[in-house]
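J.: Sequence:
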Amino acid sequence: MSNDECVLEVVVFTVKEEYVAKMPGIRNGLRAALKDFSGLIELDTVSPLDGGRIFADIAKWDTLENAMAAAKAFESGDERFQPYMEAIEELKFMGHFKP
Numbered sequence: 002m003s004n005d006e007c008v009l010e011v012v013v014f015t016v017k018e019e020y021v022a023k024m025p026g027i028r029n030g031l032r033a034a035l036k037d038f039s040g041l042i043e044l045d046t047v048s049p050l051d052g053g054r055i056f057a058d059i060a061k062w063d064t065l066e067n068a069m070a071a072a073k074a075f076e077s078g079d080e081r082f083q084p085y086m087e088a089i090e091e092l093k094f095m096g097h098f099k100p
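Under the working numbering, residues 2 to 100 are what the sequence shown spells out, in order.
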C-alpha cells in the first residue's frame, strides 16, 4: 500500500501529571487495543523532550472508515482504551490527514 492510499490520524493530548512516567506501558496497552481493529498499519508515538505533559500519537490506517471505527470505539468508552483514557487530561487535537 502506498502512502497515497492510507490515512494518518494525529492525536495531541495532555497527560495527567501522575501518569507521565507510566505512558510507555499505557501506550503498549493502546497498541494492543488498536490491533483488535481492522486496518491499523502503524502507530508512532512521540513524547515531549522538555519533560512536559503534551504527547502525540500518529496512527497510519488503511482507510478513513477503519480509522473512524477505532476513534468511535474510543469516544464511546470502549474498555480496551480505559487505561489510556484515564491518563488523558485534555484532548488538544485529533484529525485525519492524507500523507
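It should be emphasised that the hints constitute simulated quantities derived from the structure, not laboratory data.
Each hint should be verified, as a subset may be incorrect.
[Claimed, not checked] Here are the simulated distance ranges between beta carbons:
#: 1; residue 1: Gly52; residue 2: Ser77; range: 17 to 23 angstroms
#: 2; residue 1: Glu80; residue 2: Leu44; range: 15 to 21 angstroms
#: 3; residue 1: Leu65; residue 2: Ala22; range: 19 to 25 angstroms
[To be verified] As a list, the in silico SDA-like pairs of lysine to any residue whose alpha-carbon atoms are at most 25 angstroms apart:
#: 4; residue 1: Lys99; residue 2: Lys17
#: 5; residue 1: Lys23; residue 2: Phe94
#: 6; residue 1: Lys61; residue 2: Val21
#: 7; residue 1: Lys93; residue 2: Glu66
#: 8; residue 1: Lys36; residue 2: Ala72
#: 9; residue 1: Lys23; residue 2: Glu66
#: 10; residue 1: Lys73; residue 2: Tyr20
#: 11; residue 1: Lys36; residue 2: Asp51
#: 12; residue 1: Lys73; residue 2: Leu50
#: 13; residue 1: Lys99; residue 2: Pro84
#: 14; residue 1: Lys17; residue 2: Arg28
#: 15; residue 1: Lys61; residue 2: Gly26
#: 16; residue 1: Lys99; residue 2: Tyr20
#: 17; residue 1: Lys17; residue 2: Leu50
#: 18; residue 1: Lys93; residue 2: Arg81
#: 19; residue 1: Lys36; residue 2: Gly53
#: 20; residue 1: Lys99; residue 2: Glu80
#: 21; residue 1: Lys61; residue 2: Glu19
#: 22; residue 1: Lys99; residue 2: Gln83
#: 23; residue 1: Lys36; residue 2: Val21
#: 24; residue 1: Lys17; residue 2: Arg54
#: 25; residue 1: Lys93; residue 2: Val8
#: 26; residue 1: Lys73; residue 2: Arg28
As the structure is a prediction and not an experimental result, all values here were calculated from the model.
Note that CB positions come from ideal geometry on N, CA and C, so glycine has one too.
J.: With reference to the structure, classify each hint as holding or not holding.
T.: Hint check:
1. Gly52 to Ser77: 17 to 23 angstroms: violated, 33 angstroms
2. Glu80 to Leu44: 15 to 21 angstroms: holds, 19 angstroms
3. Leu65 to Ala22: 19 to 25 angstroms: violated, 34 angstroms
4. Lys99 to Lys17: violated, 30 angstroms
5. Lys23 to Phe94: Answer holds: Lys23 to Phe94 is near 21 angstroms, not above 25 angstroms.
6. Lys61 to Val21: Judged against 25 angstroms, a Cα distance of about 24 angstroms means the pair holds.
7. Lys93 to Glu66: holds, 22 angstroms
8. Lys36 to Ala72: Since the Cα atoms of Lys36 and Ala72 sit roughly 13 angstroms apart, the hinted pair holds (cutoff 25 angstroms).
9. Lys23 to Glu66: Not OK: Lys23 and Glu66 at ~31 angstroms, beyond 25 angstroms, violated.
10. Lys73 to Tyr20: holds, 24 angstroms
11. Lys36 to Asp51: Distance of about 30 angstroms is beyond 25 angstroms: violated.
12. Lys73 to Leu50: Not OK: Lys73 and Leu50 at ~30 angstroms, beyond 25 angstroms, violated.
13. Lys99 to Pro84: violated, 29 angstroms
14. Lys17 to Arg28: holds, 14 angstroms
15. Lys61 to Gly26: This hinted pair holds, its Cα atoms lying about 20 angstroms apart.
16. Lys99 to Tyr20: violated, 31 angstroms
17. Lys17 to Leu50: holds, 17 angstroms
18. Lys93 to Arg81: Holds. Lys93 to Arg81 sits at ~21 angstroms (cutoff 25 angstroms).
19. Lys36 to Gly53: violated, 28 angstroms
20. Lys99 to Glu80: Between Lys99 and Glu80 the Cα gap is close to 29 angstroms, so the pair fails against 25 angstroms, i.e. violated.
21. Lys61 to Glu19: violated, 29 angstroms
22. Lys99 to Gln83: The given pair, whose Cα atoms are some 28 angstroms apart, is violated under the 25 angstroms limit.
23. Lys36 to Val21: Roughly 23 angstroms between the alpha carbons, so the hint for Lys36 and Val21 holds.
24. Lys17 to Arg54: holds, 7 angstroms
25. Lys93 to Val8: Answer holds: Lys93 to Val8 is near 20 angstroms, not above 25 angstroms.
26. Lys73 to Arg28: holds, 18 angstroms
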